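**Q** Listed in order, the protein sequences are those of chains F and U. If you're matching positions, the first sequence starts at 647 in the numbering used here and goes up one per residue. If you're matching positions, the second sequence starts at -10 in the numbering used here and goes up one per residue.
Watch out, some of these pointers could steer you wrong.
[Unchecked claim] Sample of chain F residues facing chain U (criterion: CB under 7 Å; computed from the structure):
(1) Tyr678
(2) Gly689
(3) Leu690
(4) Leu692
(5) Lys747
(6) Phe750
(7) Lys752
Just so you know, these hints were derived from the structure itself, not from any lab. In this text, all values refer to a predicted model and were calculated from it rather than measured experimentally. Note that CB positions come from ideal geometry on N, CA and C, so glycine has one too.
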Amino acid sequence: AQSVTQLDSQVPVFEEAPVELRCNYSSSVSVYLFWYVQYPNQGLQLLLKYLSGSTLVKGINGFEAEFNKSQTSFHLRKPSVHISDTAEYFCAVIPKGGSEKLVFGKGTKLTVNP
Amino acid sequence: GAGVSQSPSNKVTEKGKDVELRCDPISGHTALYWYRQSLGQGLEFLIYFQGNSAPDKSGLPSDRFSAERTGGSVSTLTIQRTQQEDSAVYLCASSLPGRPYNEQFFGPGTRLTVL
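Between the sequences and the hints, there should be enough to build the whole structure, so can you do that?
**A** Right, dumping it as structure tokens:
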């Protein structure tokens, strides 16, 4: 079975500051990794994904994440945030070769203050 | 093109009543998923349909929950004898089939409140 831990439930930052949202996972098999964003009163939108290859992946809206196999982490970063980045962010995994159901972390609420 | 749609957007019901939640996937997407988002549990998988294969029901929390997918398209999630702990946002997602992975596109969700 897989599990995902998002270490921070809430992250407040000021506009134009850098941000890192942390995600660690546990799995007995290799996984695909994802970050989703949920804006207020909206559904989930895929930010970025890691399937294979380069461990640094870039997504939409200037976000990027780095897969670290030895630390079983997939932290999300943005060098300079905007007010519009205020949302909830979910890290998720799918086991390779297994079921395609997403296993989610509990989410990190990012609040960008002026 | 049109995304995943869900109806109703909000549903308020009384404890003990049955409810039906509807999901219209993206045309051509043969895979369909239901997830539940609640304050205490976060986002949890409920059920997965892929084409004509038997659905993966491993995430359904009790036998009060059931789902069907008619004609390989629209899906209905039914909750019988609703309880207050069923209050949550129910999210539907769809994707194309195939490996290694196809992006799941999510609908806006149905917010269910059980009084």
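**Q** State for each hint whether it applies.
**A** So, going through the hints one by one against the coordinates:
1. The closest approach between the C-beta of Tyr678 of chain F and any C-beta of chain U is roughly 5 Å, which is under the 7 Å cut-off, so the hint is satisfied.
2. Because the beta carbon of Gly689 of chain F sits about 4 Å from the nearest beta carbon in chain U, less than 7 Å, this interface hint is met.
3. Here the hint on Leu690 of chain F is kept, as its CB sits about 4 Å from the closest CB of chain U, short of 7 Å.
4. Against a cut-off of 7 Å between C-beta atoms, the interface hint on Leu692 of chain F holds, since the closest Cβ of chain U lies about 6 Å away.
5. Against a cut-off of 7 Å between C-beta atoms, the interface hint on Lys747 of chain F holds, since the closest Cβ of chain U lies about 4 Å away.
6. Interface hint status for Phe750 of chain F: upheld, as the beta-carbon distance to the closest one in chain U is roughly 4 Å, under 7 Å.
7. Here the hint on Lys752 of chain F is kept, as its CB sits about 4 Å from the closest CB of chain U, short of 7 Å.
Violated hints: none; the structure is consistent with every hint.
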